[in-house]
Structure formats: structure tokens, C-alpha cells
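Q: Hey, can you work out the whole structure from these sequences and the hints?
Protein sequence lines correspond, in order, to chains A and B. Under our numbering, think of the first position of the first sequence as 1, with each following residue one higher. Under our numbering, think of the first position of the second sequence as 1001, with each following residue one higher.
Please note that the accuracy of each hint is not assured.
Simulated restraints on C-beta separations [what the hints assert, rightly or not]:
#, chain 1, residue 1, chain 2, residue 2, range
1, B, K1057, A, L102, 17 to 27 Å
2, B, I1111, A, F157, 49 to 59 Å
3, B, L1022, A, P160, 51 to 61 Å
Every beta carbon over 12 Å from chain B, so not counted as near; a handful from chain A, in silico [stated by the list, open to error]:
#, residue
4, T25
5, G158
6, P160
7, M161
8, G182
9, E202
10, E216
11, G224
12, F228
I should point out that these hints are in silico values taken from the structure, not numbers from a laboratory. Don't be surprised by glycine CBs; every beta carbon is placed ideally from N, CA and C.
Okay, here's what each chain looks like letter by letter:
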Amino acid sequence: MTSVARAFSILGLALVAGLIHSWVTPISIAAEGNAKAAAEKLAESQTNAGDANPEQSADPNQERLPVTDPGSGSDDPPVDQAPGGGAIDPDQVTDPTLHLSLNQLRTLFEQHIQAQTGEVVLIDARGQEGAYEAGHILGAEHITTDIFWDNLEVIYFGAPMPAQERMQMVAPDQWVVIYCGGGDCDESENLRTLLVDSFGLENVWIFEAGYPAWEEAGLPTAEGSTPFGQ
Amino acid sequence: MANDQSTDKPQAKQHAGALLSLWLIVCRLAVGGLLGLAAFYKLQDPQSFAFAIKAYKILPRHLVHVSAFAIPWLEALVAIALVIGLWTRAAAMLASLLLASFLYALASVMIRDLHVDCSCFGDAVVLCPEQPGWCHIAQDSILLILSAMVVIWGPGRASADHMLASTPQPNAQD
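A: Printed below as a string of C-alpha cells:
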């Protein structure tokens, strides 16, 4: 038997072994596969926690993100204004995948995030080590699917808090905008799936151009491990 | 004098042959050992490896699923064949093919500036950092050269192939 024929034999053997292995250990490679698995894991832990502590599953509206506005003055938009401040009307958005452009995010940012109205939650979903600390959009919280996956804590107003608890503070109709490193970014899509599936959030948007576009446009950024820097 | 020269030549040839065999063992163990280690880590968590392949954004989805299982098993079989020296040339050809594909994938993510983990050894970090970079390119290039040497020169004397070839065949008289 020639070496080429032997090489094909080894290749065939590897395929058969792989086939058997995939039958024994099924995997998921759907775009939201990781998020789905994390959501299931989270749902399990929520059920367990709910059994032990029924108060935890109270109406999430009662635990809305507190409006912390240390110094934005009277120019703030009214708190009862619809999230998005009229910048985006979901009914008029033709993109069913809920993607935001740079200008749309800039408007939201100026009206809500920079003003710290608490109406819009901006999330940096980049999982790459040190990327968030090196620079992120001003006011963006660092929350990734891995944080839920590994049951880690996030920093919320300077204090560590389980990621699950942080997301339970977000009301279902509250606006959440996720971004990552730009381009065809799975990290944002995966996190959105997790937030929609596991926390029942309805307005989860993705800023597809990501941090590079924001930085290039010279818009406000922050460094360090907290949303507003340091 | 003429006799001495004629005995020197075969001796020198033998000496060079022994050195080459020794070098080929080093090549086989280096390539086989590292591929075996990579297979060992990848086979422990095919789900993570599937996500890693997907993150490279090279293969279509249906091939990601196949590759997540086939690549580690191929690495494992090639590693075993290289280490024991059975079907060595064929195994070295496949190792070269695997390493060339890895080099292409690494260069591709570096050019596209994708932030992915190498996942060369599953979740473990061996020799090079997690992020694909020149270290991985150098590592795979060296291994590719070593496996190409095995393809060219064969398994060497200390191999199952050599032992099988030197065993008298029962049907040789026919």
C-alpha cells in the first residue's frame, strides 16, 4: 500500500472515530450555542436559588437600575421619557436584528449614558483579556457571556456583584446596548441571546461597529476597570 | 590502501545513516509528541474546540462540527503512528497537511486582526501565549519542517516500519 493510500486510511479512521465521539458527546455550534448553554446553566441555578430564597424572584421592576445623577444638572431629559429619547423608534427601525449605527448610539449616549439617567445600560462584551481596561466607551459596564458561564462577579458602582444579580436589576423593557470589537462579532450576539433568553429583556440592541469605530470617531472613552474610568 | 578506502566508505555511510535515524527519531517524537498533547487537550472538551474553530471564521458551520471531532482524532492517530513509526510517511504527510492548515488559519486571523484564542492545545497554554501570534507561526513552521523531513527521508531504523520491512515474509519463496 502506498503512503498516500495509508494517509487516506488514517484520515478515514479519524473520521469514524470522530463520528462515534460526536455521537457519544453531542455539541452545539449554533451562533448562540454558548449563550444557550450559559442560559440553561443560569436557569438551573436560578431555580435552585429560588427554592431556597423565594424573595429573590420578585418583580424585577422593583429593582430597577437606580438613577444616580451626581452632577448632570437640570439639562437631563425627563426620566419618564421613552428610552432612546426619541432618537430611535423601534417601530421605524427596519433592521430586524436590532443593530444601532454610530450616530444612533451617539444620540443615546449623549441623552442617557453620559447624563447617567440609568435608562440605558451600555455593555462592553469583549472577552479579550485587558481590552476593557485598556479603553471602553464611557459608562459601559463590562459584562461577557463568560462571566455568566463561569459564575463570576461584575463591578457595579465600584462594588463586586454577581453578574446574575446585576442583570436582574435591569427591567425587561429597559434599553440595553451591547458592543464588542466591531465587525462580525459573536460576543455581542451571544450575550444578547443570553440576556433575552435568561433575563427576559426585550430591548437588547447591538452596536455592530464596536469600540474601534467609537474610538476612531473621537467620542468619549474611559480607561480602567470601571464604567467611568479609573 | 585501496582496500582501506573501500571499507571506509561503507563505514562513513553507516555512520551517516545512524545519525540520520537518530535525527528522524527526534523529528518524529517532536511532531508526534506535540500533536498528541494537542489531541489530548482538545478531545477533553470538543465543545470548546468547536467554538474556537467557529471563532476563526474560516470554515462553514457544518464543517465546524465535523472538524471539532475529526481534527483531534486525526492528530491523535498521526501522533501514535509517528511515535511508534508505523505507516510513518503517511502519518508525516498528514501531520504536514495539518500543520500547513494551522499555519494558514493562524496567518488568516492575524491578517484579519480577529481576537480569538489559539486553542492549539484546547484550553491549555503550551509553549506560546493564547493569542495567535508569531510564536505560533514559528512553532508550527518548525514542526512542519520536521514532519517534511520524515516525509522525505522516511521513518529511520528505530521504527515499526523498519522492523516490519526487515522481517522475512512468509510468502517470500512463492
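Q: Is T25 of chain A truly not at the interface, in the sense that its beta carbon sits beyond 12 Å from all beta carbons of chain B?
A: Its Cβ does come within 12 Å of chain B, the nearest being 6 Å, so this is violated.
Q: Report holds if the minimum CB distance from E202 of chain A to chain B is greater than 12 Å, and violated otherwise.
A: holds (27 Å)
Q: Classify the label on F228 of chain A as holds or violated, using whether its beta-carbon is more than 12 Å from each beta-carbon of chain B.
A: holds (24 Å)
Q: Looking at G158 of chain A again, its CB stays over 12 Å from all of chain B?
A: Label holds. Min Cβ-Cβ 27 Å, cutoff 12 Å.
Q: Is the nearest Cβ of chain B still more than 12 Å from the Cβ of P160 of chain A?
A: For P160 of chain A, whose nearest Cβ neighbour in chain B is about 25 Å away, the distance exceeds 12 Å, so it holds.
Q: When you take the CB atoms of K1057 of chain B and L102 of chain A, is the distance between them in 17 to 27 Å?
A: holds (23 Å)
Q: State, for the Cβ atoms of I1111 of chain B and F157 of chain A, whether the hinted interval 49 to 59 Å holds or is violated.
A: Distance hint for I1111 of chain B, F157 of chain A is violated at roughly 41 Å.
Q: Is it correct that the beta-carbon of G224 of chain A has no partner in chain B closer than or equal to 12 Å?
A: holds (20 Å)
Q: Is the nearest CB of chain B more than 12 Å from the CB of M161 of chain A?
A: holds (26 Å)
Q: Do the beta carbons of L1022 of chain B and P160 of chain A sit within 51 to 61 Å of each other?
A: holds (57 Å)
Q: Classify the label on G182 of chain A as holds or violated, using whether its beta-carbon is more than 12 Å from each beta-carbon of chain B.
A: violated (10 Å)
Q: Non-interface claim for E216 of chain A: all C-beta distances to chain B beyond 12 Å?
A: Non-interface label on E216 of chain A holds, nearest chain B Cβ at 14 Å vs cutoff 12 Å.
Hint check: violations occur at hints 2, 4, 8; the rest are consistent with the structure.
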